[in-house]
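K.L.:
Spelled out from the first residue to the last, the chains are:
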Amino acid sequence: MSSGLIAFLSRLDRFGRLLENVALVAMLGGMIALAVGQIVLREVFDTGIIWVDELLKLMVLWLAMVGSIAACRDDRHIRIDVLSHLLPDWLVDITRIVVDIFAAVVCAVIAVQAWRYLQIEIEFEDTVLVDTPAWIAHVILPVAFALISYRFVILAIKKIASLFTGVGKVATP
Amino acid sequence: MILVSIILLLLAILGAPLFAVIATSAMFGFHRDDTDLMNMALEIQSIADLPFLAAIPLFTFAGYVLSESDAPKRLVRLTGAMLGWLPGGLALVALAACAFFTAFTGASGVTIIALGAILYPALKHDGYPDKFNLGLVTSSGSLGLLFAPSLPLILYGVIAEVSIDSLFLAGILPGMVMLAMLSVWSLWVNRDNRKPLSSFSWRATAAVLRESIWEIPLPFVVLGGIYSGFLAVSEAAAVTALYVLIVEVVIHREIRLSELPQIMRASMLLVGGILIILGVSLASTNYMISAGIPQMLLEYVASLVSSPVSFLILLLVFLLVLGAILDIFSAIVLVVPLILPIAAEYGVHEVHLGIVFLAAMQLGYMTPPVGLNLFIASYRFEKPIMHVYSATFPFLIILMLSVILITFWPALSLWLVASP
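So the protein sequences, as listed, match chains P and C.
Each step along the first sequence adds one to the number in this note's numbering, with nothing skipped, and position 69 is 69.
Each step along the second sequence adds one to the number in this note's numbering, with nothing skipped, and position 319 is 1319.
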């Protein structure tokens, strides 16, 4: 790979990481504020905002999806981790390449299906949160699975590269 | 279909991300049933229909903040002042502090890193044998699993549609039994080293109490809020997160504001990993139910066992094997929906089932080949993995006995739960 491309990819990686962090901070902070605010409204003012509970649940969905994208970047998805302690490193790398490509394909399929479902939601004008179009809440699904798929491809490419050059091992913080 | 199952099983063992394996099996199911694959999206986004789920990210975040602050040190000093005057005190301190901390950090391996790093050298300094210390610290890493507000308890409640409040109550006595059995054993092993950690002093106790004054109310915020009917579980989680943030960032100033995004990210990696498995499992569970798999399982189980007791034996063996292969979160979302109707058929209370399930899965943290705690301890304390296995083994046996006790003595779990 040319050094220009590598520099571009690492800038892209930093930017993506920053974007994930901003989204996670905003949502987690928002959830705490909304939930506590709702308690205060209920206990002190004997009132409440009707759509807050639904919004909180949608935020959990978004947190789950963004968290999954981030988990993929740091290679932290839950796996049955038996072989890595038993097999030699190079064989572990090869099995990892195979299973990560498998995961990339699966996520791509889900992304396409989620995209199709989104079209139907748009067509039928489904709504959430009183009158917000549902697709705005659910657009995270195709986007997240597409990004996760992309990240698995990157993970596999990095493993292949490290297999050939012996360098560029994926750093897992 | 059998071929597909074998390939998927192979991929899982080779280390494919579990959510991808589960998603594939669900999509194959849909495909066979001529169900549009679009349903996959519908199932995953129904994460947003589950009640109380917000408790999981919020409690996880609060736990991570606590473990990054100096709260673990204060907790050890506090339990030290309370229990340290007993003979063999430090071992008891270690057990109690770990149990409390794990309950709050949700059994994610943080306990070994946050508390083990303090306790392991302290135990050594006090003359406890190295092998005992390693085993103690490793097995304590998942000890508080049955105490509120641990994540597996909440997740079981969400999946099984059982009152989380009841589960929190049900876990108390079984959790205490585990603690007590390990304590007795620790005292017995160290009967030649009965040196108390320190003599009890009102002044020292007052000092650590003052030092921990802000963290002591935490359990009361959580449990008090829930049992007074004042807060729902997810609300208690939000209050806890806000409270912990204020205490550690504003009052103690042990965590800088600039460190928060990294802590949030670290905690949400875990949450994302768990919830995506939950999402795809909703799809696979729905397929399995429409395909009548629970009934088939029930018939199969009925052909093997007839009495509730023999059912519990079978269940326990199954869970111990399951725990050795799968992590606790995946096991809950995948397996609980399938065994719930079977257990009901044999008259096993759903709350008791939850406690048995989690207690048995707790052993999975320290059984080879995939026991998470074993690897964290091996990595953290720089010991060969075989050494950690053998050091943990006696603790595993004691916990196994406690799990058997918990399984066949339902009243232990159900006594505190007001029968509906």
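Just so you know, the hints here were simulated from the structure itself, not pulled from any lab data.
These numbers come from a predicted model, not from an experiment.
Built from N, CA and C at the ideal position, the CB exists for glycine as well.
Any given hint could be a false lead.
What the hints assert, rightly or not - Taking CB as the label site, the calculated pair distances span: (1) Q119(P) <-> L1314(C): 20 to 26 Å; (2) E125(P) <-> I1404(C): 53 to 59 Å; (3) P1121(C) <-> G16(P): 36 to 42 Å; (4) I1404(C) <-> I120(P): 37 to 43 Å.
Claimed, not checked - Here chain C is said to cover these stretches of chain P; the calculated rule only asks that three of the stretch's residues, wherever they fall, bring their Cβ under 8 Å from a Cβ of chain C: (5) 3-11; (6) 69-75; (7) 153-165.
K.L.:
Decide, hint by hint, whether the structure agrees.
P.N.:
Hints and how they fare:
| no. | hint | verdict |
| --- | --- | --- |
| 1 | Q119(P) <-> L1314(C): 20 to 26 Å | violated, 47 Å |
| 2 | E125(P) <-> I1404(C): 53 to 59 Å | holds, 57 Å |
| 3 | P1121(C) <-> G16(P): 36 to 42 Å | holds, 39 Å |
| 4 | I1404(C) <-> I120(P): 37 to 43 Å | violated, 52 Å |
| 5 | 3-11 | violated (count 0) |
| 6 | 69-75 | holds (count 4) |
| 7 | 153-165 | violated (count 0) |
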